[in-house]
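Work the whole structure out from these sequences, hints included.
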Amino acid sequence: MDVNRTGVDRVVIAGASLAGMKAAQAARAAGYAGRITMIGDEKLAPYDRPPLSKEFLTDPGSGQPPHFDGALSLATDLDLELLLGEPATGVDTTMQRVTVGEREIAYDALVVATGAVPRRLPTTLTGVTTLRTADDARQVAAGLRRGARIVVVGGGFIGSEVASAARAHGLPVTIVEAAPVPLVRAVGAVAGEWLGELHGRHGTELIRGVGVESLDGDGHVREVRLTDGRILPADLVVVGIGADPATGWLADSGLNVSDGVACDATLHAGHNVWAAGDVARWWSQDFDRSLRIEHWTNAAEQGTLAMRNLLGGSDALAYRHIPYFWSDWYGSRIQLVGLASGEPEIVTGAPDGDKFVALFREGERLIGALALNRRSDIMKYRALIARGGSWADGLALAEQRNRRTVAA
Amino acid sequence: MRISVDMDKCTALGNCEAMAPDFFEVGDDGELELLRSDVGADELAEVKQAIASCPTAALKLIDG
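Protein sequences, first through last, are from chains G and C. Position 391, counted from 1, in the first sequence is what full-length UniProt numbering calls 391; the numbers after and before it change by one each time, with no gaps. Position 48, counted from 1, in the second sequence is what full-length UniProt numbering calls 48; the numbers after and before it change by one each time, with no gaps.
Take the hints with a grain of salt, since some may be wrong.
[Stated by the list, open to error] With a straight-line cut-off of 30 Å between C-alpha atoms, the simulated BS3-like cross-links for lysine-lysine are: (1) Lys60/C - Lys9/C; (2) Lys355/G - Lys43/G; (3) Lys9/C - Lys54/G; (4) Lys9/C - Lys43/G; (5) Lys60/C - Lys54/G; (6) Lys60/C - Lys48/C; (7) Lys9/C - Lys355/G; (8) Lys48/C - Lys9/C; (9) Lys43/G - Lys54/G; (10) Lys48/C - Lys54/G.
These are calculated hints, taken from the structure and not from any lab test.
What follows is the structure in structure tokens.
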């Protein structure tokens, strides 16, 4: 690959989490020898988010965030300028300058990897937190340690993992989910119903189809008032109601930022700007539609490819990716690959059992697979979807897998 | 070069299987199975990609 793409001597990476770090590593791995400036709004070297709702809650150790390997020596290892503790607040795509605090940083090319911002409930009470950052996780971990009465708002994956951690601590916990079924956007109503059952089986109270009317307390939260009139005592409220792409700072940039930074198939947003991770909406050639994915694997792979394409000029490759995420609840592993389109069909196990695989289709095409405790199956479905496998191929794979003695 | 797996860190997420299925597979017991540990020079790029893809940094390449 030719890294001597004319005129690229100064690369700025806005975002110092997974996608940003992968982008920086990819630049040096490709032999790029010019300047790199990385901007991160948290005053922490890059760290990993999935552990924040999993092992970090049950064993926070020293309280140090789960830094990526090499994160603490990133600036010296990769010879880059690492600006932490202040967000990028604007970009002039004509003059090619990013504003950070009082500084304007000139670039030849920019990678936007600013991630997503968790949605919040309006309150000034303490004891109410989202779970996105290490600071959030420390607060939740401390609550678990002291035996807090926890109410989780939102029955999504973050909220469910918090509930799982609460149960692992032997604490009662209630999830308040506004929709009649949890996880509808992630896996659809049918599969959402199946997965929602896991909560009751493990002692978590799941309240469905009811919203939060207000959070009440005197300085610190004391109770959650629901729209059906019920009052839940709580001294720790964890809010997991989704996130929005962090594009507020790009409002006047001239970039298309409708639900993420709009990119072509190569993650190029135009104006010498590329995007990667939770913030990026790109044209998926695998699925012939634009997608924006908030999964770890996507952030890692996009960070790498966005930088390679930025440096590679006309050698830019389309970002080919079958979405993949995992979530661990109560010792069980949930995994989804592809798109959860339409009605799922169970092909292995049963939803009232402790393991199953369900497949999703669009016409004759296999488009997605959802697995509960079938780790050995899921990547095989992902490979099949990547090859454009048919529904019949999916059923054939299931039959093959069902003939084996699979423990997990 | 040889692949080394830290089984304390590995939770069989399978990213490695997706990247280098000739080397890595989540087996029927739900655990990662290292199908081959020796990596030839022409296979290094693919294996390095798989190693970098591990969400729990459980994989390493070592001399040998």
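Going down the list of hints, with the structure as the test:
1. Proposed proximity of Lys60/C and Lys9/C is supported: the alpha carbons are some 12 Å apart, at most 30 Å.
2. At roughly 41 Å between alpha-carbon atoms, Lys355/G and Lys43/G are farther apart than 30 Å, so this suggested pair is violated.
3. Taking the CA atoms of Lys9/C and Lys54/G, the gap is near 13 Å; set against the 30 Å cutoff, the hint holds.
4. The straight-line distance between the Cα atoms of Lys9/C and Lys43/G is roughly 27 Å, inside the 30 Å bound, and the hint therefore holds.
5. With a C-alpha separation of about 23 Å, the suggested pair Lys60/C and Lys54/G falls inside the 30 Å cut-off, and the hint holds.
6. Restraint check: the Cα-Cα separation between Lys60/C and Lys48/C comes to about 9 Å, which is no more than 30 Å; the hinted pair holds.
7. For the proposed pair Lys9/C and Lys355/G, the alpha carbon gap of about 23 Å is at most 30 Å, so the pair holds.
8. Annotation: proposed proximity of Lys48/C to Lys9/C holds, straight-line Cα distance about 18 Å (limit 30 Å).
9. In summary, the hint linking Lys43/G to Lys54/G is supported, as the alpha carbons are separated by about 22 Å, within the 30 Å threshold.
10. As the CA atoms of Lys48/C and Lys54/G are separated by approximately 27 Å, the hinted pair is consistent with the 30 Å bound.
Taken one by one, the earlier hints fail for this structure only at number 2.
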